Amino acid sequence: MLKFITAVLTSLTTGSIYALMSTALVLVWRSTRVINFAQAGQAVFTTYIGYEVTIRSGSYWIGVVAAIISGALIGAVIDRFFMRPIFKRIKSGPIVMIAPVVATLGLLGIIQAIIGFIWGLTYQSIPAPVSTDGFQVFGSTIAFSPFNLMVLISVTISMLLLTLLFQKTNIGLALRASAYSPEIAKLSGIKVDAIRTLGWALAGAAGGLAGMLFVPSSYLYPNAMDVLLVFGFIAAVIGGLDSLFGAVAGAMILGFAINFATSYISSKLVFPMAFIILILVLLIKPGGIFSSRKGRKD
Amino acid sequence: MLKLTSNKKRLLLFILLGWVLLLVGDRVGELRQYQGSFVATYSLAIASIILLTGYSGQLSLGHSALMAVGAYAGALSINNAHLHPVIALIIATLTAGVFGLILGVAVARLTGPYLAGTTLALAVSLPTLANQFPILGGEQGVVFDVGAPPARFGEGFSQYKWFFWISSLAALIMIWMISNLLNSRYGRTFRAIRDNQISAALAGINAGRVKVIAFAVSSGAAGLAGGLLVMLISGVSPSAFPLSLSFSLLTGAVVTGVYNLKGVMLGGLVLVAIPEIADSLTTRIGGSEGFTATLPGFLVSALLILAVLFAPNGPGHLIKRKKH
Numbered sequence: 001m002l003k004f005i006t007a008v009l010t011s012l013t014t015g016s017i018y019a020l021m022s023t024a025l026v027l028v029w030r031s032t033r034v035i036n037f038a039q040a041g042q043a044v045f046t047t048y049i050g051y052e053v054t055i056r057s058g059s060y061w062i063g064v065v066a067a068i069i070s071g072a073l074i075g076a077v078i079d080r081f082f083m084r085p086i087f088k089r090i091k092s093g094p095i096v097m098i099a100p101v102v103a104t105l106g107l108l109g110i111i112q113a114i115i116g117f118i119w120g121l122t123y124q125s126i127p128a129p130v131s132t133d134g135f136q137v138f139g140s141t142i143a144f145s146p147f148n149l150m151v152l153i154s155v156t157i158s159m160l161l162l163t164l165l166f167q168k169t170n171i172g173l174a175l176r177a178s179a180y181s182p183e184i185a186k187l188s189g190i191k192v193d194a195i196r197t198l199g200w201a202l203a204g205a206a207g208g209l210a211g212m213l214f215v216p217s218s219y220l221y222p223n224a225m226d227v228l229l230v231f232g233f234i235a236a237v238i239g240g241l242d243s244l245f246g247a248v249a250g251a252m253i254l255g256f257a258i259n260f261a262t263s264y265i266s267s268k269l270v271f272p273m274a275f276i277i278l279i280l281v282l283l284i285k286p287g288g289i290f291s292s293r294k295g296r297k298d
Numbered sequence: 001m002l003k004l005t006s007n008k009k010r011l012l013l014f015i016l017l018g019w020v021l022l023l024v025g026d027r028v029g030e031l032r033q034y035q036g037s038f039v040a041t042y043s044l045a046i047a048s049i050i051l052l053t054g055y056s057g058q059l060s061l062g063h064s065a066l067m068a069v070g071a072y073a074g075a076l077s078i079n080n081a082h083l084h085p086v087i088a089l090i091i092a093t094l095t096a097g098v099f100g101l102i103l104g105v106a107v108a109r110l111t112g113p114y115l116a117g118t119t120l121a122l123a124v125s126l127p128t129l130a131n132q133f134p135i136l137g138g139e140q141g142v143v144f145d146v147g148a149p150p151a152r153f154g155e156g157f158s159q160y161k162w163f164f165w166i167s168s169l170a171a172l173i174m175i176w177m178i179s180n181l182l183n184s185r186y187g188r189t190f191r192a193i194r195d196n197q198i199s200a201a202l203a204g205i206n207a208g209r210v211k212v213i214a215f216a217v218s219s220g221a222a223g224l225a226g227g228l229l230v231m232l233i234s235g236v237s238p239s240a241f242p243l244s245l246s247f248s249l250l251t252g253a254v255v256t257g258v259y260n261l262k263g264v265m266l267g268g269l270v271l272v273a274i275p276e277i278a279d280s281l282t283t284r285i286g287g288s289e290g291f292t293a294t295l296p297g298f299l300v301s302a303l304l305i306l307a308v309l310f311a312p313n314g315p316g317h318l319i320k321r322k323k324h
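Protein chains in written order, with the working numbering: chain A, 1 to 298; chain B, 1 to 324.
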């Protein structure tokens, strides 16, 4: 029973971090129709900024704010000064299909190299603001700590804020409209290009938060979030790539599947389990379980 | 006057190339022979990516994993089954091909970003399996030893020259086969599907089947390249096939021109040259340990972006356009 509860709680924690990454990927996908593989690099870079600020100011919370803001800025800059020119430049030829993906991959490499230039390859750690020792339940320690609880609460709050933004504000309406049909949105007077950049900024902020919540229970190094990128992608595919709710739900499904497989069968199953789920979803329901659209054109 | 079909011309061209390589191999030092073996291996891997991405329009980030499959298959057949290296390399090709066939059935109908993400997940997850089966040797991996060159080549025949011969010959044969395939009916169907899947289907092409074939052939070639690669570093371990290898190969393919098999050697040369250039740069200007270690990755990525931006159809097109 205790094992079961622990597994549920750890699933929720890891699932919520995957949810931030998959949300970031979905936000970019909705606005640009690109899977942003550079997201892992962006998130790590902003986490390094958060790390610097945390060390200099002594406060983890200022570090989190710095990471979120710099994440949003970097996301916006990348869209405005990197992705948009590429889309403008490459319009014809068979390269169109692969150019955006290849460009984000190149960007990922560049960001990770820049991190290496600035901070080196050594493992850093960000001290957690609250204890990372597990709670005591009936005299035994479980693998769920106050820090995990904090992660869960932070992600829930940020998801609620994002939902509010999308459902209750004019900006949210513009975001949804541009994702649904960019041309009609443009005709209705929405600045689709600016809204696209906003989507990238939101995604960057989500990535920065994901990094700051993930790193204290792990380490910080240039490739620290590659794995999270893969899990975020799988979660986004489960959810159908188009839907924010799907991204969160997919992340939770993935979190539960991985944690239950590892705690009940074998701890080596993390990657095989994730890959099997991905293949199963793609074979059985390639549109994703929670896709908000009926068909997908691209 | 002797009339040659294009197929015979191509065969003659490859034989000529092989002869040139043979002469070159005799005249350069051991370091160059060793680097030349890497060029051949990378060229083959890049050819496998060009076949898949350029001709059939599928973007794979998982070729490092497919190379690992071939490499492990080859290493196990030499190490555990004590087979002849040639047979081991053939087994490497076939195993990766069959693996690619199975994988292709599952993923080949995916488009663009889905395929890229799925193959990325494969590249991240497959190497971790090596730690779970004792036969794969965990982090230490398995030794891959092709043995000393046969005695009949004489005393002066070095190990590096032997590597160069094996990898060049294997790469030439495989690339020749790929180019035959691309110039056959299959090559045309690949391109038809890449350019317009619906009209290809209307013309009676079974898109799914053709894509799976492309995936399987590409995997087989990647498997052979993986076998050659671990031959050169004399052992296979998970760390020999990092995700960055997939990215490098993609860069090589884009630099070569994804839609053209002719320049693969250029891509191979670039991939071998980049670490050398980075090395000479860091010895000249110095820099921290992080700078030294990440400079090659930086150069590869920068080259990838520049190639996509300024020469998306390969350097050949760049020159052609300037002529106008």
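Derived from the structure by calculation, the hints contain no laboratory data. None of these values were measured; they are calculated from a predicted model. Worth double-checking, as some hints may not be accurate.
Distance condition first, Cα-Cα at most 30 angstroms in a straight line; then the derived DSSO-like pairs of lysine-lysine [claimed, not checked]:
| # | chain 1 | residue 1 | chain 2 | residue 2 |
| --- | --- | --- | --- | --- |
| 1 | B | Lys262 | B | Lys161 |
| 2 | A | Lys91 | B | Lys262 |
| 3 | B | Lys161 | B | Lys9 |
| 4 | A | Lys3 | A | Lys268 |
| 5 | B | Lys262 | A | Lys88 |
| 6 | A | Lys168 | A | Lys186 |
Facing chain A, a subset of chain B residues (Cβ under 8 angstroms, in silico) [stated by the list, open to error]:
| # | residue |
| --- | --- |
| 7 | Leu120 |
| 8 | Val124 |
| 9 | Ser239 |
| 10 | Val254 |
| 11 | Leu261 |
| 12 | Met265 |
| 13 | Ile285 |
| 14 | Ser288 |
| 15 | Gly297 |
| 16 | Phe298 |
So, partial list: chain A residues that the calculated Cβ filter (under 8 angstroms) puts toward chain B [stated by the list, open to error]:
| # | residue |
| --- | --- |
| 17 | Ile69 |
| 18 | Leu73 |
| 19 | Lys91 |
| 20 | Ala103 |
| 21 | Leu105 |
| 22 | Ala113 |
| 23 | Ile171 |
| 24 | Leu173 |
| 25 | Ala174 |
| 26 | Val227 |
| 27 | Ala274 |
Glycine included, each C-beta is placed from N, C-alpha and C at the ideal position.
Hints, verified against the model:
| no. | hint | result |
| --- | --- | --- |
| 1 | Lys262/B / Lys161/B | holds (25 angstroms) |
| 2 | Lys91/A / Lys262/B | holds (25 angstroms) |
| 3 | Lys161/B / Lys9/B | holds (28 angstroms) |
| 4 | Lys3/A / Lys268/A | holds (18 angstroms) |
| 5 | Lys262/B / Lys88/A | holds (29 angstroms) |
| 6 | Lys168/A / Lys186/A | holds (21 angstroms) |
| 7 | Leu120 | holds (6 angstroms) |
| 8 | Val124 | holds (5 angstroms) |
| 9 | Ser239 | violated (13 angstroms) |
| 10 | Val254 | holds (6 angstroms) |
| 11 | Leu261 | violated (15 angstroms) |
| 12 | Met265 | violated (21 angstroms) |
| 13 | Ile285 | violated (12 angstroms) |
| 14 | Ser288 | holds (6 angstroms) |
| 15 | Gly297 | holds (5 angstroms) |
| 16 | Phe298 | holds (3 angstroms) |
| 17 | Ile69 | violated (25 angstroms) |
| 18 | Leu73 | violated (21 angstroms) |
| 19 | Lys91 | violated (11 angstroms) |
| 20 | Ala103 | holds (6 angstroms) |
| 21 | Leu105 | holds (6 angstroms) |
| 22 | Ala113 | holds (3 angstroms) |
| 23 | Ile171 | violated (26 angstroms) |
| 24 | Leu173 | violated (26 angstroms) |
| 25 | Ala174 | violated (24 angstroms) |
| 26 | Val227 | holds (6 angstroms) |
| 27 | Ala274 | holds (7 angstroms) |
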